[in-house]
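**Q** The primary structure of each chain is shown beneath.
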Amino acid sequence: MAKQDELYANKILLNAVLPVVKVIIESKENFSKSFKGKNGVVQFSALNEGEKTGTHFIIKNGAFTVVLGIAEKPDLEFEFPNIPHFNRFFTGKTKKFPKIRGLRHIGLLIAVFKVLLYMPGILLTEKPHEKEADKELYVKLMFYIATSGISQLNRAGHPDVTAWTKYSPDRIVQMEVKDRPEFAAYLRVKTGRTKAARGKYTRSKPFLTMLFDSVDSAMRIVMGVENMITATEQGKVVLLGPPEMGVEVGGLLFLVAAYTK
Amino acid sequence: MPLTENELLELEKKAFELRCLCVDTVAWAGSGHIGGALSAMDIFVLLYYKYLRINPKDPGWEDRDRFILSKGHAGVGHAPVLADRGYFDKELLKTYNHTGSDFGMHLNSQKVPGVDASTGSLGHGISIAVGTALAARVLKKSYLTYCLLGDGECDEGQVWEAAMAASHYNTTNLILFVDRNHYMIDGPTENVMKLEPFADKWRAFGFIVKEVNGHSLRELSEAADYALEEKTAPVVIIADTVKGCGVDFIENQAISHYMGLDDEKIRQAKESLQRYYENRVKGA
Amino acid sequence: MGGMNYDVYSQIKLQTMEVYGNTLCELAAKHPDIVALSADLAKSTKIGLVQEKFPERFFNVGIAEQNMFGIAAGMAKAGLTPFVSTFAIFTSMRGLDQVHTDICYQNLNVKMIATHAGLSFGAAGSTHHCTEDISIMRTMANCKVIAPADGYETANAVVAAYETPGPVYIRINRGFDRLVYEKADYGFEFGKAVSMAEGTDITIIACGSCVYQAVEAASVLRADGIKARVLNMHTIKPIDKDAVLKALEETRRIVTVEDHNIMGGLGSAVAEVIAESGRACAFTRLGIPDCFSMIGLHEDIMAFYKIDTNGIAENVRMLLGREIEEDEDWTDEV
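Respectively, the protein sequence lines represent chains C, D and X.
When we follow my numbering, the leftmost residue of the first sequence carries the number 478, and every step to the right adds one.
When we follow my numbering, the leftmost residue of the second sequence carries the number 2, and every step to the right adds one.
When we follow my numbering, the leftmost residue of the third sequence carries the number 19, and every step to the right adds one.
Hints are not guaranteed to be accurate.
Said to hold, decoys possible - With a straight-line Cα cutoff of 27 Å, these simulated DSSO-like cross-link-like pairs (lysine-lysine) come out:
1. D:K271 with D:K95
2. C:K672 with X:K255
3. X:K259 with C:K682
4. C:K612 with C:K510
5. C:K505 with C:K608
6. D:K142 with X:K210
7. C:K591 with C:K572
8. C:K505 with C:K604
9. X:K210 with C:K682
10. D:K141 with D:K14
11. C:K570 with C:K604
12. D:K51 with D:K232
13. C:K677 with X:K259
14. C:K537 with C:K570
15. C:K510 with C:K499
16. C:K612 with C:K505
17. X:K61 with C:K677
18. X:K48 with X:K71
19. X:K48 with D:K112
20. D:K142 with X:K48
21. C:K550 with C:K591
22. C:K550 with C:K655
23. C:K537 with C:K591
24. C:K667 with X:K324
25. C:K738 with C:K480
26. C:K655 with X:K264
27. D:K141 with D:K232
28. C:K608 with C:K572
29. C:K655 with C:K604
30. C:K667 with X:K264
31. X:K48 with D:K141
32. C:K682 with X:K264
33. D:K141 with X:K71
Since the hints were derived computationally from the structure, they do not count as laboratory data.
Work out the full structure: start from the sequences and follow the hints.
**A** Structure (structure tokens):
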């Protein structure tokens with residue numbers, strides 16, 4: 478029986494981290510090329526007391542659709558025997574691959590392998606990226622993971638998160654990089670419900686915005702290389718909105734980060 | 002000052018010309034309030050050619066005498082007088098009632114030079130007149146305010162509110178005329194809503210009443226002269242007139258309140274006015 | 019005596035109407051063109067204060083409102099600036115033909131300060147209430163409409179009325195108004211809404227006696243973590259479109275509150291801006307629900323029709339719960 482914390486971490490990894498594989502593939506030309514023209518359903522799953530949870534990708538002619546949940550007949554499946562193993566794999570603590578079904582789909586397998594091997598390097602590194610393209614990808618992915626992560630914890634009923642969402646009026650919390658609208662993600666909260674989305678919320682002014690002055694600042698601060706307080710003093714990040722809410726949201730982001738390490 | 006013989010003949014001629022111009026204006030407009038315009042014409046002429054201290058070149062002159070046509074529907078009679086007096090080009094009368102024109106059934110003080118108040122809703126003009134008269138007092142100016150009411154108009158309660166105020170504040174710098182032509186839209190005034198004893202009503206409200214023949218320029222003038230001197234109470238000059246005066250086939254008919262004139266009727270009207278004028282000067 | 023309760027320790031122990039009367043006296047002392055008129059309500063509307071100081075510039079016409087507006091028009095034509103006071107119901111209804119034709123149509127410099135607006139004359143009943151005047155006066159072309167929130171704002175509005183050319187209609191209450199400002203010098207600007215509280219959860223737009231209620235409601239809501247923006251829309255015509263659009267964009271939820279029928283007043287004016295903007299908005303108008311009011315104390319009637327602090331807070335909570343358009347998709351984007 479997986480512990481509660483493991484379950485929470487699993488939700489984040491399954492439903493917030495794994496989906497960004499699509500973003501990685503779409504952002505990097507070599508990966509898009511390797512999936513070009515390919516078709517199939519690729520699934521990542523974990524067994525927990527006989528029940529299976531997972532996320533799968535429907536690939537049609539190289540185009541990706543992410544679906545949270547189990548597919549009936551995936552062509553290729555990475556089936557983890559338990560949740561802890563799944564978690565350790567996706568947090569880079571083990572390189573031991575799980576059982577793989579559908580080995581005959583070699584082309585698809587190789588393409589997926591490539592991405593899986595690439596992921597720790599871009600996401601889990603503690604050294605700041607040097608190449609601009611890497612910085613940008615990192616920031617994008619982390620924004621998406623952060624907002625989805627909080628949303629997943631809410632759905633999973635994590636008490637710290639639900640306490641925040643339960644009585645909230647309809648509000649938007651947004652992370653963005655100044656003058657770079659393509660680097661943005663937001664979380665909508667309303668009386669217990671959450672929705673994570675990519676891009677900027679355009680319908681009204683977000684209740685709270687975490688505004689980074691550049692991609693580089695965003696990377697450093699999110700990575701933890703730069704201290705949040707000093708960064709704020711230096712104007713590298715600014716919280717637009719009520720300060721007490723900023724503190725609350727900051728706490729939730731740390732929570733998500735903790736589960737993904 | 003009493004009218005001299007020459008003055009009288011001049012004014013008679015003016016009245017005739019302007020009655021004709023009024024008929025023309027009604028024709029250009031398509032239709033108009035001809036009855037009440039013709040009945041008021043002698044009062045218009047007397048005021049605009051003898052009494053009103055005005056300057057057509059400077060319609061906004063602060064110290065001018067004011068004339069407020071409380072029976073605003075008689076605009077089709079007022080406008081020709083203003084044109085003739087030099088406030089604007091007579092040619093503009095041809096646009097009367099046309100789309101986008103500055104001239105409509107009820108003259109707009111914002112658009113037509115010489116018009117001191119936009120009236121049309123009855124009973125308003127007399128209040129405005131009381132207002133300008135009181136303003137003269139506050140501003141310590143000596144201009145006079147003349148106001149012309151219709152008789153049917155005096156059904157409106159507001160007329161009597163204004164009369165009370167005029168009496169209360171003793172606005173002797175206000176001179177009222179009533180065009181008592183005895184007809185309104187739905188028939189004779191005494192059938193619709195009786196006004197008699199009309200003069201008594203004004204007296205009861207504190208006015209000194211002068212009842213005159215509204216088509217005798219001499220009588221009108223004597224009454225005006227009296228009003229200018231009287232300081233103990235405001236004066237109202239009830240002018241007994243004929244609705245449609247001068248155009249025999251519409252005289253004393255309620256229908257003349259508002260009607261159209263075709264070419265034939267215009268011709269007949271002008272002929273009638275000619276005869277009427279000749280009779281007037283014969284008797285003068 | 020009915021009317022609003024007041025705090026005896028308030029800085030200004032004056033009824034709003036007294037503030038008006040005093041301000042007018044000050045203006046009249048500076049500007050000889052100002053004259054004052056009333057229809058036997060000089061004492062009730064406090065314009066009588068001018069009568070005491072400048073008797074030769076005050077005119078009582080007796081109970082004859084239509085005549086009064088006509089006279090005011092005549093005076094304005096002669097170059098004076100008449101301030102005319104009677105109850106709101108008489109200005110906007112009994113004398114409307116005159117207001118419309120003599121004053122607005124001729125775009126004259128007549129300043130109509132209408133007292134006993136809304137339900138502030140509670141005990142007198144519907145014959146003396148006026149919950150239609152904002153609606154009526156809004157549709158008079160050339161006329162500006164102001165509903166000041168308290169005594170300080172009234173003083174500012176009266177001065178602004180003098181300085182703004184053409185017809186101006188100002189509606190104030192009977193009795194005392196709770197103070198909303200601490201001093202007169204808070205930056206009153208004709209045609210510009212005043213932000214009384216900031217927030218992005220919802221906007222409450224109020225005018226007149228409802229501004230105090232809205233500010234109090236926002237405090238109550240803040241204790242629950244709800245951050246409501248409060249706008250004092252003192253000038254209803256011309257309405258501060260920019261402030262409304264900003265509230266629309268930034269908060270997407272708007273509640274209007276007025277001591278007036280929900281039809282045609284502040285709520286409708288704001289709704290016009292919202293509808294024409296094309297943006298979605300959760301919106302509700304608080305006011306008198308198109309009926310004739312009961313009699314009673316002003317505060318009690320306001321509570322009954324939910325235009326007081328509690329009523330506003332309740333409606334804000336309700337509106338916050340409402341879904342706007344098709345934002346029903348609560349799945350995370352993957």
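**Q** Against each hint, give a clear statement of whether it holds in the structure.
**A** Each hint tested on the structure:
{"no.": "1", "hint": "D:K271 with D:K95", "verdict": "holds (17 Å)"}
{"no.": "2", "hint": "C:K672 with X:K255", "verdict": "violated (41 Å)"}
{"no.": "3", "hint": "X:K259 with C:K682", "verdict": "holds (18 Å)"}
{"no.": "4", "hint": "C:K612 with C:K510", "verdict": "holds (22 Å)"}
{"no.": "5", "hint": "C:K505 with C:K608", "verdict": "holds (13 Å)"}
{"no.": "6", "hint": "D:K142 with X:K210", "verdict": "violated (40 Å)"}
{"no.": "7", "hint": "C:K591 with C:K572", "verdict": "holds (14 Å)"}
{"no.": "8", "hint": "C:K505 with C:K604", "verdict": "holds (21 Å)"}
{"no.": "9", "hint": "X:K210 with C:K682", "verdict": "holds (22 Å)"}
{"no.": "10", "hint": "D:K141 with D:K14", "verdict": "violated (37 Å)"}
{"no.": "11", "hint": "C:K570 with C:K604", "verdict": "holds (17 Å)"}
{"no.": "12", "hint": "D:K51 with D:K232", "verdict": "holds (21 Å)"}
{"no.": "13", "hint": "C:K677 with X:K259", "verdict": "holds (26 Å)"}
{"no.": "14", "hint": "C:K537 with C:K570", "verdict": "violated (32 Å)"}
{"no.": "15", "hint": "C:K510 with C:K499", "verdict": "holds (13 Å)"}
{"no.": "16", "hint": "C:K612 with C:K505", "verdict": "holds (13 Å)"}
{"no.": "17", "hint": "X:K61 with C:K677", "verdict": "violated (60 Å)"}
{"no.": "18", "hint": "X:K48 with X:K71", "verdict": "holds (13 Å)"}
{"no.": "19", "hint": "X:K48 with D:K112", "verdict": "violated (33 Å)"}
{"no.": "20", "hint": "D:K142 with X:K48", "verdict": "holds (21 Å)"}
{"no.": "21", "hint": "C:K550 with C:K591", "verdict": "holds (23 Å)"}
{"no.": "22", "hint": "C:K550 with C:K655", "verdict": "violated (44 Å)"}
{"no.": "23", "hint": "C:K537 with C:K591", "verdict": "holds (19 Å)"}
{"no.": "24", "hint": "C:K667 with X:K324", "verdict": "holds (26 Å)"}
{"no.": "25", "hint": "C:K738 with C:K480", "verdict": "holds (16 Å)"}
{"no.": "26", "hint": "C:K655 with X:K264", "verdict": "holds (21 Å)"}
{"no.": "27", "hint": "D:K141 with D:K232", "verdict": "holds (16 Å)"}
{"no.": "28", "hint": "C:K608 with C:K572", "verdict": "holds (26 Å)"}
{"no.": "29", "hint": "C:K655 with C:K604", "verdict": "holds (23 Å)"}
{"no.": "30", "hint": "C:K667 with X:K264", "verdict": "holds (22 Å)"}
{"no.": "31", "hint": "X:K48 with D:K141", "verdict": "holds (18 Å)"}
{"no.": "32", "hint": "C:K682 with X:K264", "verdict": "holds (10 Å)"}
{"no.": "33", "hint": "D:K141 with X:K71", "verdict": "holds (19 Å)"}
Hints 2, 6, 10, 14, 17, 19, 22 from the list above are not met by this structure, while the remaining hints are.
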